[in-house]
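J.: Chain P is fixed; fit chain S onto it per the hints.
Protein chains: 2
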Amino acid sequence: MSETLDLTEVLGRLLRAEKILLLCHKNPDGDTLGSAAALYHALKRLGKPEVAVLCADLIPPRYDYMQIELFQGQFEPQYVVAVDVASIQLFGDSVREYAQRVDLCIDHHGSNSGYADALYLDSSACATAEIIYQLICKMGVEIDGVLADCLYTGISTDTGCFLFGNTSARSHEIAARLMEAGARVRDLNMILFETKSRARLAIESIALSNLEYHFQDRCALIYMTWEQIESTGVETSDLEGLTSLPRQIEGVQVGITLRQQPSGSYKISVRTQPGVDACAICTRLGGGGHSMAAGCELVGGLDNAKQAILAEVERELCRES
Amino acid sequence: MSETLDLTEVLGRLLRAEKILLLCHKNPDGDTLGSAAALYHALKRLGKPEVAVLCADLIPPRYDYMQIELFQGQFEPQYVVAVDVASIQLFGDSVREYAQRVDLCIDHHGSNSGYADALYLDSSACATAEIIYQLICKMGVEIDGVLADCLYTGISTDTGCFLFGNTSARSHEIAARLMEAGARVRDLNMILFETKSRARLAIESIALSNLEYHFQDRCALIYMTWEQIESTGVETSDLEGLTSLPRQIEGVQVGITLRQQPSGSYKISVRTQPGVDACAICTRLGGGGHSMAAGCELVGGLDNAKQAILAEVERELCRES
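Same order as they appear, the protein sequences are chains P and S.
For what it's worth, my numbering labels the leading residue of the first sequence as 103, then goes sequentially.
For what it's worth, my numbering labels the leading residue of the second sequence as 103, then goes sequentially.
Careful, some of the hints might be misleading.
A pair counts as met if it fits within one copy or between any two copies, since identical chains are not told apart.
[To be verified] Straight-line Cα separation of at most 30 Å, DSBU-like style, residue types lysine-lysine; simulated pairs:
#1 K128 x K150
#2 K298 x K408
#3 K298 x K369
#4 K298 x K128
Hint data in this document are derived by calculation from the structure and do not stem from the laboratory.
All figures in this text were calculated on a predicted structure; none of them were measured in a lab.
So here's chain P without its partners, still in its complex pose (with noise of 0.2 Å):
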């Protein structure tokens, strides 16, 4: 396991290092991007020459605001960072060689594995973002219009724009000292949130044609063929989103997504309100979650996995009413 530290040791072996290299993890989202980015920034503010960001995937040109230097062999890394990486699985193949020599650890899954020589970790964080922006009040680095765009990233995208239960009066609190900073929130909230792929489009229009309600309406479902899914060319991130939607339905309390996989069988994805125990329903499927997200995978046909499903479904609500 992990050496823990604290806030102040942190900032203690990060002005020790010299020979940077911060890494992030594969699948890159705005958290563990922001946060690099930022420390990255800070660190250079410093006056550290040798500071790069590496990361298994292709960063999304969306972020280019970032300003990310990227590791491309430039020195010889001294000192491994990961920031906001769980488990060193989440590194990706290619970073490999790094992955397994992380000196510290920066994160808010309170599921870290303690993979690296040291770890700070703060669960009741809502990104890692959070944590990055308290280091650099403690490094005294004032921060500018590019380190409140990266911070504010990281914040803004881990809480969904502060709409989910992760969101706390400190994301509130460090957004609004983001802002005054000069983070551009009006453009970055537009490039994060108001924007969606013409193939997640494609995807929702044709679910939502198979829209299915149930148990006087209770119950939502949505289905989509591997058919379809290959048909728009939708990324596994974007299919991720739509499992909340049968649940935001008023008056739904089990929102249900089936999912063809390429092998044929079903990935289920049940969504409940409170008062509904979605693992429940999974577990007697060979599945398992949480009370209000969980799920299982159904060999055979579309048709059978429905019937599977939505008698497990008809035995929960019985049970609940």
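T.: What follows is chain S alone, placed relative to chain P:
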């Protein structure tokens, strides 16, 4: 025109007033209701025995948590206060009796027509609830959970959950204070932002199935016939939300929404990215608006309306590129 007050004068008048009637605008939203409810609770807390809220339309049951006391003739109003109502037409006919004798209006709309005897206007506030928050702080009334819920509702709904361009550092700052005071932000966000009506989803499905791309995908267009709109029973407020959809698509510079009216004509909304002038497009068709959001109405069938608007979009895109 109204006499212009500062916040201290507003407070003085409210402290002297008795038998206070609080007026909301028709088709009430989270801000007019949250502002009225918060002011109602604060005035009660100051020991005013007779305060009540009046709105021309029914208050949607999802706002029940505000615990608003409605005016039903239980006292003879001596002081009438309008919150978040920019012009006298917005009260609705059934409350005309009081709308014509408003003593004080508290508002954040720069377009306020000055119909009240006295006006407190702060167009830099993201919501009227932001002003009410400042007023309640000035009163010295402690903000408890219910008050915090009401004020959070106003601020979060008018900013689209801190997404829209009117979101300021002050919006986030106040949200932080309200969470500390006990606002049940997780539950409220679920009610306010994660719940869609069946009708809204049905019309969204229809609109998406009618999605067209034009001019090398720089323009996206959706349309809804009156028959389709009527078949879903969707409310006008839900329809307004759809107009932002086509512009949200990656790479799209002009998003067009055509909505047939009961008369058969088409109401057209144009939303653009910076650099493309929505107002220029609509002005040439007899409409108008702002540089990134404009509208017009065209008689004749769907094909005519489409042809006319697309011709103007093409002209504007050619000018731009």
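J.: Check each numbered hint from earlier against the structure, then list the numbers of those it violates in ascending order.
T.: none
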